[in-house]
Each structure stands twice: as C-alpha cells, then as structure tokens.
Amino acid sequence: METLTLLGSGIWAAASDPMMLLAILIGALVGLLIGALPGLGPTAGVAIMLPVAVGFEPVVALAMLAGVYYGAMFGGAVTSILLGIPGDAPSVMTVIDGYPMAKQGKAGQALGMSVYASFVGGLVGLVGLTLMAQIFSRYALMFGPVEMTALMILSLSLVTVLGTNDRLKSFISLGLGLWIGTIGLDQIMGGPRFTYGSSILLEGIDFSLIAVGMFGLGQMFLALEEGPASRVDMASYSYRSMMPRWIDFIKCRAALFTGSIIGFVVGVLPGAGATAATMMAYATAKKMSKEPEKFGTGAIEGVAAPEAANNSASYGNMVTLFTLGIPGSATMAVMMAGLLMLGLQPGPRLFEQQSEFVWTLFGTFYIGNLLLVFITILLVPILAAAVFVSRGLLFAMVIGVVVYGIYGINLSLDDLLVMAAFGVLGYVTSKLNYPTVPLILGVVIGPMLELGVRRSLITSRGDFSIFLGSSISVFLLVCTVIILVLPLFRRFRHSRALSTEQSA
Amino acid sequence: MKIITLDRIFAGLVILLGIHVVTTSIGLGLYRGHVPGPGFFPMASGVLILVLAIALLARSFLRDKAITSDVIAPATIAVIGVLTVALVVFVFAAPLLGLSIATFILMVITGLLTQEPDRRGRAFYTRLILASAATAAICHVLFGQVIRIPLIYGPLGI
Amino acid sequence: MSTLKIMGVAAGLALGFATLPALAFEPERDVTIVVTSSAGGGSDTATRILASVIDELELTPVNFLVENRTGGSGSVGYSFVAGRTGDPYLWTKVGVSFFTTPLMGESPVSYTDFTPLAAISVDPYIMVVAANSPIQSLDDIIESGRMISGTTGIVADPALLAQKLQEELEIEVDIVPFGGDGEVTAALLGGHIEVQFGNPSEVLELIEAGEVRAIAASSDRRVPGFDDIPTFVELGYDVVQTQLRGFVMPRDVPEDAVGYWTAIIEQAVASPQWKEQYLDRFNAIPYVLSGAEFQAEMDRRNEEYTELMTTLGIIE
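Line by line, the protein sequences are chains A, B and C.
Numbering-wise (this note's numbering), the first sequence opens with residue 1 and increments by one.
Numbering-wise (this note's numbering), the second sequence opens with residue 1 and increments by one.
Numbering-wise (this note's numbering), the third sequence opens with residue 1 and increments by one.
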C-alpha cells in the first residue's frame with residue numbers, strides 16, 4: 001500500500017512538471033525514431049542521448065534516457081511491419097507476421113496491435129518493476145551459468161515450434177545460426193574464431209546486419225518476382241481499414257498477457273536480453289494458438305506476443321539496476337554510467353536514500369508509456385500509407401535509410417558488405433523453403449548457450465552433473481523434454497482418433 | 001535456374017561449409033584441460049549442418065516432393081546480381097564521393113532496377129530523383145546533426 | 001662523457017632551430033577524441049569528463065568532440081586514428097584492446113603506431129566476496145587452495161589479476177569470464193562464483209549495503225574511499241594490477257602540438273574540478289605520466305598482456 005502511495009506521488013510529481021513532460025516527450029520521440037531506423041537499437045539510442053542528458057538535473061536526465069529506451073521498443077515495430085525490416089534486434093519476431101499483414105493491406109491493424117501490445121507489455125513490466133522489484137531481483141540472482149544453460153536449452157527446443165514441417169531444413173537453418181553465432185572473439189578463451197584475419201568480424205556479426213540483410217534485403221529481392229496481382233489495391237481500402245481495431249485487443253488478450261509475463265521474467269535475468277524473450281513469447285503464442293498454422297502468414301497474435309514481450313522486458317531489465325546497482329544489459333550499463341555521471345550511486349540503497357528520485361522516475365515511465373500510445377496511434381494511418389508507394393520508390397528510400405542506419409552502428413561501410421551477403425542468403429533460403437526463424441534463433445540463443453555451458457563447466461571443472469545440481473535447471477530441463485515429446489504424443493493420439501473415426 | 005538445381009547447389013555448399021567448420025574447430029581445440037575449448041561448440045554446429053545437409057542432398061536425389069519444377073527467371077537473378085554489385089561498388093565509392101552523394105546514386109539505381117515495369121515513366125523518374133535526393137538529405141541531417149554520427153564527407157563537403 | 005654532452009647540445013640546437021619558425025602551437029580547430037568503446041563505458045565516461053573539465057577551465061580556445069568508433073575490438077577506432085598521421089587535432093583513449101588486439105595479429109596497427117600524450121589515472125580493482133560467503137580473508141582462500149573468480153572478459157586486467165594471484169598465493173584459480181561487470185556481480189550475489197574483482201565505483205554501494213565483503217585492493221596504495229581495505233602488497237603478496245587510462249595521438253604530430261596538449265591534460269587533471277567530478281566519483285587513483293615515462297609504462301603493459309595471452313594459448 002505504501003508503495004502505491006509513493007508511486008502515486010511519483011506519477012503526480014512527473015505529470016505536474018512541464019520540464020519533465022518535455023524531457024519525456026523528447027526522449028520518447030528520439031527513441032521512437034532511433035528504434036524505427038534500421039540498424040540502430042535502444043543501446044545506441046541511449047548512448048547517443050547520454051551526453052545531452054547529463055546536462056540536465058538527474059530526474060529529468062534519467063527520464064529522458066529511459067524515454068529513449070522504451071520509445072525505441074515502441075518504434076522498432078514500425079519498420080518491421082511496414083517494410084519487413086526490423087528496426088532493432090528485439091523487433092525481429094514482429095516481422096514474421098507483421099509484414100505479411102501489411103502486404104495483405106492490414107498494416108493499420110498490425111501497427112495498431114503493436115501499439116496496444118507495447119502498451120500492455122509496458123504496463124505489465126512497469127507494475128513488475130515498480131511493485132515487485134525486490135522480489136524479482138532475488139529471483140534474477142538465482143540464475144547463474146547452470147540455470148542459464150537450462151533456459152537456453154529450453155529456448156532452443158522451441159525450434160520445433162518455430163520451424164516449418166521440413167524438419168531437415170529447419171535444423172540446418174538452426175545449425176547455420178549456431179555457427180554464425182560463434183564467429184568472432186571467443187569470450188571464454190579470448191582467441192578469434194572464423195574471423196579469417198578480418199578485424200570487422202572480431203566482435204562477431206552484429207545481429208542487426210543479419211536481421212536487416214535476411215529480412216530487409218532478402219524480402220526486397222523476393223518482391224522482384226511479384227506481379228501486379230500482389231499489389232495493394234488502393235481503391236479497395238478505406239481510411240477505416242488503415243485504423244487500428246479495438247476488437248483485436250480482446251482477441252489477442254492471451255497472447256498479450258503471456259507475452260508480457262515472459263518478457264518480464266526473461267528480461268529480469270542479467271545477460272538474457274529482450275530478443276530472446278520475444279522469441280520465447282512468439283513460440284508460446286504459437287503453441288497456445290488454436291490455429292498455429294496461421295503463424296508466419298499474418299497472424300495478429302504473432303505481432304501481439306513479441307511486441308508485448310520486448311516492452312515488458314525493457315522494464316524487467318531495469319530491475320537489477322535499481323534494486324542492486326547491477327546493469328543486466330549493455331543498455332543498462334549506459335544508464336548506470338548516466339546515473340554515476342549525474343552523481344547518483346545506483347545500488348541496494350538507492351530506493352531508501354533517493355526514494356523521491358526513484359519514484360518520480362518511475363512515475364515518468366507511466367506517463368511516457370501513455371504519451372507513446374497517443375503519438376503512435378495518431379501516426380499509424382500516415383505510416384500505413386507507405387504500402388501504397390510504388391515499389392521502385394519505396395525500395396530506393398529503404399536502401400537509403402538502411403545504408404545510413406548500418407553505417408551508423410560501427411561507422412563502418414564494410415558492414416554493408418556483410419549485410420549484402422546476408423541479403424543474398426536470405427533470398428536463397430526463402431526460395432528453397434528454409435525457415436529463417438531457426439537461423440535467427442541460433443544466432444541469438446547459441447552464444448548464450450555456449451557461454452552458459454562453458455562457464456558452468458569451468459566452475460565444476462568439467463563435471464557435467466552440475467546441470468542437475470540446481471532445482472531451477474532440473475525444472476527447465478523437464479519442461480524441455482515435455483515440449484519435445486508432447487507433439488509426438490499428440491500426433492499419435494490424433495492418428496488414433498482419425499482411425500477410430502474412419503472405422504465408425 | 002531451376003529451384004531444384006539451386007537446392008542441390010546450396011546443400012552442397014552447406015556440406016562444404018560443414019567440413020570447413022569441423023576441421024577448423026578441431027584446430028581451435030575441442031577441449032582445454034577438463035573443460036570444453038573454443039572448438040567444442042562450433043564443432044557441434046558443424047557436425048549438425050554437415051550430417052543434415054548430406055541427408056538433405058540424399059533426399060533430394062532419392063525422392064523429391066517438396067520442391068517442384070519452379071524456376072527463377074534469369075532476369076531476376078540479373079537484377080539481384082546488379083543490386084548486390086551496386087552495394088559493393090557503393091562501399092568503395094562512398095569514401096570518394098561522400099556518403100550522401102553515393103547514397104543518392106545507389107538509391108536511383110535501386111529504384112530503376114526494382115520498379116514494376118508497368119509503372120515506369122517520366123513521372124516515376126522525376127519522383128525517384130526527388131525522393132532519393134530528399135532521403136539522402138534528410139538522412140544526412142538526421143544522422144550527422146541530430147544523432148551526431150561522424151559521416152563521410154566527399155569533395156563537395158557533403 | 002664530453003662527446004655525449006656535445007651531442008646533446010647539438011641535438012638541442014637542432015631541435016631549437018626546427019621549432020623556431022613554427023613558434024608555439026596554437027590550436028585552430030576543434031579536437032576529436034576517439035573512444036573505441038561505446039558511450040557509457042568506463043573509457044567513454046573518463047574521456048567525456050576530462051573534455052568537460054578542460055572546457056570548464058577554459059584551458060584552450062577550441063572544443064572537444066568525443067567520437068565513439070566501436071567495432072573490431074578496438075581495431076576500427078585505433079586504425080582510424082593511426083591512419084591520420086600528423087593530425088594535431090586527434091586523440092584517442094588507451095584501453096586494454098589498444099594492446100591486446102594487435103597482439104592477436106588482428107589489427108593493422110599496434111600501440112607503437114601512436115605518439116603518447118599522457119596517462120591520467122589508474123582504476124584499481126577491489127576483490128569482493130558475497131556477504132554470506134565463508135571466505136573472510138585471503139588466508140581462507142589459500143587454505144582451500146582453490147578460488148572460482150568471475151571476471152569481465154578474459155583478455156583483460158581482472159583476468160590478469162586472477163592469474164597473478166594464482167602464482168603468488170600458490171592456489172588454483174578458475175577464471176569464469178562474463179560479459180560485463182553487472183553479470184559478474186549478479187553471479188557473485190547468486191553464489192555462482194566465489195570472488196569478483198570489481199570496479200570501485202560499482203562495488204562501493206554493495207559493500208556499504210552489506211551485500212558483499214571486501215577482501216583486498218589491487219592498487220599499490222589504498223583506494224580513496226576504501227581506506228580500511230588493505231592492498232595485496234600490504235597483506236604480503238606482490239600483486240599490483242590496475243587499469244590504465246591515458247591518451248595518445250597519431251604518429252608524426254609536430255612536437256609542439258604534443259607538448260601543448262600534454263600540458264593541457266596535466267593542468268586539467270591537477271584541478272579540483274577533475275578530482276570532484278572524476279577521481280572522487282569513480283574512486284580512481286591519479287597516475288599522471290607523459291612522454292617517455294608513459295611510453296615505458298605502455299611497453300611494460302604490452303609485455304604483461306603478451307605473457308597473459310601466451311599462457312592462455314591465444315598467441316605463441
């Protein structure tokens with residue numbers, strides 16, 4: 001109850017100060033923009049704003065930085081849906097159903113859903129952060145290398161859900177992703193792997209290059225073969241069809257809710273990240289759906305779940321920073337630097353010593369979320385009109401923005417070559433019916449799995465029984481087995497049912 | 001090109017990659033003392049793709065049902081090739097021309113290559129040039145001034 | 001002896017003549033400082049604070065722009081700077097990758113391709129254990145004969161520190177590298193590792209809140225703000241390991257420009273503003289070196305990293 005009072009006064013303090021509102025607005029808009037630009041994601045966004053923000057008083061500065069962070073999570077969906085190019089890593093999963101929806105003329109609906117999902121996810125994450133941060137921070141600490149390994153094995157088993165019916169090709173795609181994830185300096189032993197003397201590959205291949213290449217460029221190549229028949233017909237779409245629909249909100253409530261919960265629970269874990277959370281949320285939504293075959297062809301739940309997850313994860317990510325002073329991700333490390341530069345000491349006593357600061361800041365998060373909903377809902381019809389732009393014009397503009405966006409990541413033009421290679425790979429694999437998602441899954445989950453396994457085995461000195469020594473890890477491994485075995489069991493029952501039907 | 005041919009070529013390439021990954025991984029060291037070394041995990045992924053790609057190739061020759069006799073039009077391959085080459089040329093040309101001018105040229109080329117044949121015409125060309133110039137200019141200001149990323153400037157100072 | 005003296009005089013004369021026509025260096029353009037890690041990291045923070053202190057003190061008429069050129073484990077930024085030989089308006093910040101990436105043969109430039117400006121400070125490490133850990137002192141660790149330590153990265157100062165302890169304490173040290181300080185602290189508090197070598201500014205709060213217990217500091221003297229924590233040296237073990245912060249310029253920059261900028265850095269880091277905004281806030285230890293002294297320090301560090309990487313089997 002006391003927490004609620006504190007939160008209430010925090011929200012009021014944030015809402016009643018025009019300077020604060022302006023800071024939130026600027027932060028959110030910059031975040032929206034950076035999130036939408038392909039290549040640059042939330043970490044870059046917060047880093048770019050850091051030198052500007054430290055000129056203000058602490059609460060205002062942090063409100064602005066956090067605004068960039070959650071704004072980017074909102075914005076990432078825009079290009080994913082409209083152009084099939086993920087604006088940042090956590091919005092990759094949004095492409096899979098969002099882009100097909102846009103091509104079917106349902107861009108407004110998909111964008112609308114991403115806004116609702118971002119809002120719901122944000123709200124769930126915020127409630128978790130503001131009311132249960134202490135509990136969740138203790139839970140986060142229970143996840144060491146062993147538990148992480150088990151969680152990543154569970155995530156990898158999702159490939160059976162995320163892949164297509166062609167199991168061989170799904171697993172080849174996964175294997176390619178796992179290998180790509182090992183490129184760069186080995187984080188455990190320090191040596192380079194598969195870098196072929198190129199310094200560009202030392203830090204591994206930036207996930208944005210893969211995502212923008214395979215989805216963005218690959219889609220562009222695929223579209224070359226589309227005839228006029230697939231074109232969105234302007235006459236048959238009214239202004240109404242561009243608008244978001246409230247009914248979708250009700251329809252997707254299960255996907256929204258589970259997505260938000262998964263996002264928060266995974267986002268809290270140090271080193272896990274929002275991208276992994278979106279994959280788990282998407283797979284769960286597909287698993288729970290009555291029509292899983294629609295996923296990948298424009299199922300609205302496929303937009304709802306990952307968007308709810310990435311926004312919720314962004315607040316989950318803040319839990320350990322505010323309760324213990326532990327930054328759980330690169331973005332949080334930048335936020336922490338911001339706190340330090342402003343003369344605030346993040347740590348276990350921040351809540352006690354800087355109570356007013358923390359609650360006012362949390363208050364700004366609520367306001368920022370509400371603000372973003374209005375801004376984005378208003379922008380939806382305008383943005384959705386992008387589908388009517390003729391192909392040559394659209395692709396030209398996309399290439400222009402992509403070039404700047406990719407260059408902006410490392411100030412390196414060579415990254416464009418890597419992206420082009422992934423574009424061709426994306427095209428070829430799509431043509432040959434290799435699913436793309438398992439590859440992406442491998443790239444994201446693979447390194448975390450490898451690090452988990454090797455870190456665990458260093459502490460146990462090579463003894464594999466360490467993975468059965470923790471109850472969390474045993475629980476997750478049992479879940480994995482269930483996920484892998486259940487479909488086989490179901491198929492068996494299904495065929496039995498069919499045969500009895502036939503005999504009757 | 002027939003899809004089925006491409007499928008087999010790709011499977012072959014994956015097999016070669018698999019062999020390469022496996023041999024490199026052994027060189028990296030599978031085990032260091034009692035813990036898995038740098039090559040352990042790449043080895044696993046290498047074996048996975050190698051075995052599966054061999055199985056795939058075998059399946060393709062023994063019984064192929066998934067992929068039909070579809071073909072990719074030579075014109076499409078040509079456009080994809082030219083677009084890729086244009087990107088490569090861009091990477092080398094941008095330091096000489098400056099990022100904005102090089103981007104403008106790349107955009108115009110992309111537009112010309114990807115536009116639907118029935119929608120070409122003078123109106124399109126005008127729009128393309130205007131849109132390309134505008135996008136390059138906006139990106140230049142956005143990235144250079146607002147986000148403050150050091151861009152590449154050409155002889156004209158832009 | 002006398003010949004040497006004469007040569008010295010001759011060299012001095014030659015230098016004097018060479019610099020006379022150019023007069024003293026007067027900056028005309030803004031200075032760019034390239035940081036090879038992303039904004040918000042330790043290097044970036046130190047650089048930005050230094051730039052703002054110089055600005056505040058109005059030591060020079062020009063401005064400083066901090067540019068983050070990340071990628072390639074430092075090699076992207078460092079080769080950019082090294083490629084602009086003779087540019088008197090370009091600095092870069094020395095980090096661990098300044099030495100280690102070239103050692104791996106993965107960078108076209110090495111630390112010898114730069115002109116040293118000045119070292120400004122060193123960051124010590126505080127060895128901490130979780131509050132509920134049975135480890136109370138170094139002796140407990142020596143007694144158990146083994147220690148599982150979490151570090152930030154493997155080719156890095158904390159890992160080097162762990163290795164030195166392995167030799168000095170004659171124990172077996174397992175090094176578990178993590179992606180960042182936050183991850184290490186989380187693993188420590190969760191009981192997944194035994195010790196951490198933490199950044200003072202990050203562990204200070206945890207120590208005061210009673211979440212972790214400090215065992216020793218890795219600097220050659222006690223860390224400001226941690227006055228009751230003994231150093232390894234005080235405890236009888238010859239282990240000193242800190243992270244060096246300093247700046248270099250491209251090769252062939254005119255000497256008067258190097259001298260000018262070195263003097264500005266030295267003035268800035270001697271100011272109370274620097275002490276308040278950086279040293280006190282980040283618990284760093286001032287360590288000001290320039291010219292040949294700084295070069296010698298870099299040579300020494302380079303040798304240490306070479307040794308570490310050879311032990312790890314990364315290089316031969």
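What the hints contain is simulated information worked out from the structure, not anything from laboratory work.
Since the structure is predicted, the reported quantities are computational estimates derived from the model, not experimental observations.
Any given hint could be a false lead.
[As the list claims (entries may be wrong)] Stretches of chain B that chain A covers, calculated by requiring three or more beta carbons in the stretch to come under 8 Å of a beta carbon on chain A:
id, segment
1, 40 to 52
2, 83 to 93
3, 121 to 134
[Stated by the list, open to error] Below, a list of computed lysine to any residue pairs in the SDA-like style, where the Cα atoms sit at most 20 Å apart:
id, chain 1, residue 1, chain 2, residue 2
4, A, 251, A, 298
5, B, 2, A, 222
6, C, 275, A, 225
7, B, 2, A, 343
8, C, 275, A, 482
9, B, 2, A, 433
10, A, 287, A, 340
11, B, 2, A, 254
12, C, 275, A, 226
13, A, 294, A, 254
14, A, 103, B, 5
15, B, 2, A, 225
16, B, 2, A, 432
17, A, 103, B, 116
[Stated by the list, open to error] Rough simulated footprint, nothing fancy, chain B against chain A, three-plus residues with beta-carbon under 8 Å:
id, segment
18, 197 to 207
19, 425 to 432
In this text, a Cβ means the ideal position worked out from N, Cα and C, and glycines have one as well.
Report the numbers of all earlier hints that the structure fails to satisfy, in ascending order. 6, 7, 8, 10, 11, 12, 14, 18
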